[in-house]
Amino acid sequence: MNDLLLIGLNHTTAPLDVRERLALAPQRAFDAITAWQQRSAGGNAGGGEVVLLSTCNRVEIYLAGPVERGAVVDFLADFHATPAAKFETHLYERHGRAAVEHLFAVASGLDSMVLGESQILGQVRTAYETSRSAGATGPVLNPLFQRAATVGKEVLTDTGLGDGRVSVASVAVDYAKRIFDTFSDKTVLCLGTGKMSRLVLQGFTSLKTGKVLVASREQSRADAFAAKFGGRDFSGGDLSIRGVTMDDLDKHLIAADVIIGSTGATHPVVTRERFAGLLKKRRYRPAFFLDIAVPRDIEPAVGDLEGVYLYDLDDLQGVVSQTLAGRTGQVEVARGVVRRHVDAYAAWHRQREIGPLIDALYRHSGDIAKGELDRTLGKLDLDDSGREQVEQLVHRVIQKLLHGPVSQLKQAHEPHNDSRGEGQAYVHAVEKLFNLRPPTDDQAPHGQTVSDPTADDHNTDTDDHG
Amino acid sequence: MADLPTIVQLLLVAAAAALIAAGTVLSARGRRGTSVFPAVGLGLALAAQLLHSGDRHDWLPLQDNFDALLWLAILVGGVTLYLRHRGTVPKVDLVTGPIVMVLLIAAAVFGRARPHEYKDTLWDWTHRLSTYASPVAFALAASAGVLYLVLRSKLRQKPHGPPDASYGSLERLERLNYTAVTIGFALLTVGLITGVFLVLSRDTTLGSHWFWKPKVLLSFGAYAVYALVLHSPYNPALRGKQTAILSIFGFVLLLGTLAVVQAMR
Numbered sequence: 001m002n003d004l005l006l007i008g009l010n011h012t013t014a015p016l017d018v019r020e021r022l023a024l025a026p027q028r029a030f031d032a033i034t035a036w037q038q039r040s041a042g043g044n045a046g047g048g049e050v051v052l053l054s055t056c057n058r059v060e061i062y063l064a065g066p067v068e069r070g071a072v073v074d075f076l077a078d079f080h081a082t083p084a085a086k087f088e089t090h091l092y093e094r095h096g097r098a099a100v101e102h103l104f105a106v107a108s109g110l111d112s113m114v115l116g117e118s119q120i121l122g123q124v125r126t127a128y129e130t131s132r133s134a135g136a137t138g139p140v141l142n143p144l145f146q147r148a149a150t151v152g153k154e155v156l157t158d159t160g161l162g163d164g165r166v167s168v169a170s171v172a173v174d175y176a177k178r179i180f181d182t183f184s185d186k187t188v189l190c191l192g193t194g195k196m197s198r199l200v201l202q203g204f205t206s207l208k209t210g211k212v213l214v215a216s217r218e219q220s221r222a223d224a225f226a227a228k229f230g231g232r233d234f235s236g237g238d239l240s241i242r243g244v245t246m247d248d249l250d251k252h253l254i255a256a257d258v259i260i261g262s263t264g265a266t267h268p269v270v271t272r273e274r275f276a277g278l279l280k281k282r283r284y285r286p287a288f289f290l291d292i293a294v295p296r297d298i299e300p301a302v303g304d305l306e307g308v309y310l311y312d313l314d315d316l317q318g319v320v321s322q323t324l325a326g327r328t329g330q331v332e333v334a335r336g337v338v339r340r341h342v343d344a345y346a347a348w349h350r351q352r353e354i355g356p357l358i359d360a361l362y363r364h365s366g367d368i369a370k371g372e373l374d375r376t377l378g379k380l381d382l383d384d385s386g387r388e389q390v391e392q393l394v395h396r397v398i399q400k401l402l403h404g405p406v407s408q409l410k411q412a413h414e415p416h417n418d419s420r421g422e423g424q425a426y427v428h429a430v431e432k433l434f435n436l437r438p439p440t441d442d443q444a445p446h447g448q449t450v451s452d453p454t455a456d457d458h459n460t461d462t463d464d465h466g
Numbered sequence: 001m002a003d004l005p006t007i008v009q010l011l012l013v014a015a016a017a018a019l020i021a022a023g024t025v026l027s028a029r030g031r032r033g034t035s036v037f038p039a040v041g042l043g044l045a046l047a048a049q050l051l052h053s054g055d056r057h058d059w060l061p062l063q064d065n066f067d068a069l070l071w072l073a074i075l076v077g078g079v080t081l082y083l084r085h086r087g088t089v090p091k092v093d094l095v096t097g098p099i100v101m102v103l104l105i106a107a108a109v110f111g112r113a114r115p116h117e118y119k120d121t122l123w124d125w126t127h128r129l130s131t132y133a134s135p136v137a138f139a140l141a142a143s144a145g146v147l148y149l150v151l152r153s154k155l156r157q158k159p160h161g162p163p164d165a166s167y168g169s170l171e172r173l174e175r176l177n178y179t180a181v182t183i184g185f186a187l188l189t190v191g192l193i194t195g196v197f198l199v200l201s202r203d204t205t206l207g208s209h210w211f212w213k214p215k216v217l218l219s220f221g222a223y224a225v226y227a228l229v230l231h232s233p234y235n236p237a238l239r240g241k242q243t244a245i246l247s248i249f250g251f252v253l254l255l256g257t258l259a260v261v262q263a264m265r
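Heads up: the sequence lines are chains W and R, in that order. Take the first sequence: its position 310, counted from the start at 1, is 310 in the numbering used here, and no numbers get skipped. Take the second sequence: its position 251, counted from the start at 1, is 251 in the numbering used here, and no numbers get skipped.
Treat the hints as calculated values from the structure; they're not laboratory data. No residue lacks a Cβ here, since even glycine has one placed at the ideal position from N, Cα and C. Among the hints, a few may not be true.
Stated by the list, open to error - Calculated cross-link-like contacts (lysine to aspartate or glutamate; reagent style DMTMM-like; alpha-carbon spacing at most 20 Å): (1) W:K208 x R:E171; (2) W:K211 x W:D248; (3) R:K158 x W:E20; (4) R:K154 x W:D181; (5) R:K158 x W:D174; (6) W:K153 x W:D314; (7) R:K154 x W:D163; (8) R:K241 x W:E306; (9) R:K154 x W:D174; (10) W:K281 x W:D248; (11) R:K154 x W:D315; (12) W:K281 x R:E171; (13) W:K208 x W:D174; (14) R:K158 x W:E332; (15) W:K211 x R:E171; (16) R:K158 x W:E306; (17) R:K241 x W:D181; (18) R:K154 x W:E306; (19) R:K158 x W:D304; (20) R:K154 x W:D304.
Stated by the list, open to error - Just some of the chain W residues that point at chain R, by a computed CB distance under 10 Å: (21) K177; (22) R178; (23) F180; (24) L433.
Turn these sequences into a full structure, and let the hints guide you.
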């Protein structure tokens, strides 16, 4: 685990313009990984395993192997054709257990700008898959990222960290879904062409809304706003969107099912008197008003009318704040889950480190026993049953002799055992005393090292060597 | 008497009611997999029904009140399970669950009654089947109505945020209500016409002033209420909350009819 290195920057350490310089789309990430591997093959830098996580809020490189920070910085500067001085001061660096803990926290949404957001888990998975497809992961990063995905999923589903909605648009869409069943036969009327209108409209167009009307005082402005959507909704389907003027507002209010108020008007655009007069023409269809304008576009008394469901910015932000407050209360629970998994991963990793040594110890003893058995049994005139009994006797003796040293070795590598030096001393002692050279990570069987870290490590089970 | 429920049948019905209650409580608490309890409960009710039919050596349904109320409970429960399984309105059991329980308890309490006076004619069977099937549809309509009012109230309680998806949407509940009322109304129409024909063509327990009997008045009252509900597309002022309230009121009248039918025995 000490070979694990993380170098990166995120929204807390780097401003947007720096993050933009280093951000990579998935295909570019693949190219970057390939470039890193080629660079390693050329002897320019590190090598080993690498995963590149790039989102709008972070760029992080996870590396396994003897890699120096300088090599990574040089690579990033070369690949992005950006002077290192532009970003180097914003980078953070984590090693070993700290890197593991950071990754697990990232996958859980604990390190996100919006606490508990679940999108990051998918991004971590994508980053890992991209590296895996480039052949850049191995015995260290495979189990690490597999575990990270498990941790992220557990935190987001088993704690309250991922509950609720955290944007005004998503809360509005949730309300709309409780009023209407289908949206393909509905009309959304957006009063105003501001940035907030666009954000909320994005949410509604993702519901495959039948028709969207964008109303502005000037037809050209409404048309320009409508054109930005390009006749396509955000799932790629056709979107009927049209710019209209406020002159025919009553007509549009009659046609609309969802009305978004987002103008810069200083007085309410839709008053109770105005809308009450339209109810009959609307045939008393339910109307969902979303008032995100300040000052408000919809008179609050409109919400008292039967069949009208009116929510203003305070209502929606109140829900968002509740969600975030609820999530904050879950942070410690989530961190507890992360810590538990870091401990489990560290334990598994330590066991994995000594697994090959224990293997070698048993193999060594087995080889000696086999040689002696063959020699002795050749001199004795025993039937099959007798031979079997002698073989079992020898195996039992080996088991009992090695049980103590192996237990001590494992104990010294337990995560709660702080005396890491003691563990290392035991390893050296066993290697020296028995003249063992355990295989390194590189020589270890691939399938063994990428297996689920939660699984018991059979290499350390003495029964398997009996 | 062989046509009365036995202790075993009553115990099965009691166990069914308990399981339906457990399923409803767990569902209200948002637990998963709560359909298992009502499903087993309905299985037990069906077993009681089969034992009852076997004991009286008559497998035709709706021969006595125990039989009829049990069928109503099983049908309402079955439709509930279907709607939950489809995910149409997962919380529908919060209303239909208690209705099923009431029907099961009513079957156990009122079940010790003499067989119906119906004859095996086409008119009798049509009347019986339609009048007993329509409450199933109306129970569903009333449930949709109750959920509509609950969801509407939750949507107006803004600080609590959007209600969870298991309520469905107002539009879906309104559609479910209208569809159920349409089916129930058609069945009730057939039931009333055949009922009037029967009462005019032979002597019944209703006597000569049959139209003023509570059973008939309540039935026609419910009929009028559901006619109003069906009128809502043509008179939109009735839609939404009004439709929901009318559907609940109509079902209450129908329950009154059922209670009067039991009291007459």
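How the hints compare with the structure:
Proposed proximity of K208 of chain W and E171 of chain R is supported: the alpha carbons are some 17 Å apart, at most 20 Å. A C-alpha spacing of about 17 Å is found between K211 of chain W and D248 of chain W, which places the hinted pair at or below 20 Å, so the restraint holds. Of the supplied pair hints, the one linking K158 of chain R and E20 of chain W is violated, its CA atoms being roughly 39 Å apart against a limit of 20 Å. A distance of roughly 17 Å separates the Cα atoms of K154 of chain R and D181 of chain W; the hinted pair therefore holds under the 20 Å criterion.
This hinted pair checks out: K158 of chain R and D174 of chain W have alpha carbons roughly 12 Å apart, not beyond 20 Å. At roughly 32 Å between alpha-carbon atoms, K153 of chain W and D314 of chain W are farther apart than 20 Å, so this suggested pair is violated. Taking the CA atoms of K154 of chain R and D163 of chain W, the gap is near 19 Å; set against the 20 Å cutoff, the hint holds. For a cut-off of 20 Å, the pair hint linking K241 of chain R to E306 of chain W stands: about 8 Å separates their Cα positions.
A C-alpha spacing of about 13 Å is found between K154 of chain R and D174 of chain W, which places the hinted pair at or below 20 Å, so the restraint holds. Among the hinted pairs, K281 of chain W with D248 of chain W is consistent with the structure: their alpha-carbon atoms are about 15 Å apart, no more than 20 Å. Proximity of K154 of chain R to D315 of chain W is assessed by CA-CA distance (about 13 Å); at most 20 Å being required, the pair is judged to hold. Our distance criterion of 20 Å between C-alpha atoms is met by K281 of chain W and E171 of chain R, whose separation comes to about 19 Å.
Only pairs whose Cα atoms come within 20 Å are accepted, and K208 of chain W paired with D174 of chain W is accepted, the gap being roughly 14 Å. For the suggested pair K158 of chain R and E332 of chain W, the alpha carbons sit about 29 Å apart, so the restraint of at most 20 Å is broken. As the CA atoms of K211 of chain W and E171 of chain R are separated by approximately 18 Å, the hinted pair is consistent with the 20 Å bound. Our distance criterion of 20 Å between C-alpha atoms is met by K158 of chain R and E306 of chain W, whose separation comes to about 16 Å.
In summary, the hint linking K241 of chain R to D181 of chain W is supported, as the alpha carbons are separated by about 17 Å, within the 20 Å threshold. With a C-alpha separation of about 15 Å, the suggested pairing of K154 of chain R with E306 of chain W holds against the 20 Å cut-off. Distance restraint check for K158 of chain R and D304 of chain W: the Cα-Cα separation of roughly 13 Å lies within the 20 Å cut-off, and the hinted pair is therefore satisfied. Of the supplied pair hints, the one linking K154 of chain R and D304 of chain W holds, its CA atoms being roughly 14 Å apart against a limit of 20 Å.
Taking 10 Å as the C-beta cut-off, the interface hint given for K177 of chain W holds, the closest approach to chain R being about 6 Å. A cut of 10 Å between beta carbons decides the hint on R178 of chain W: the least distance to chain R is about 5 Å, and the hint holds. At its closest, the beta carbon of F180 of chain W sits 5 Å from a beta carbon of chain R; the interface hint therefore holds under the 10 Å criterion. The beta carbon of L433 of chain W is not positioned within 10 Å of any beta carbon in chain R (closest approach about 56 Å), and the interface hint is therefore violated.
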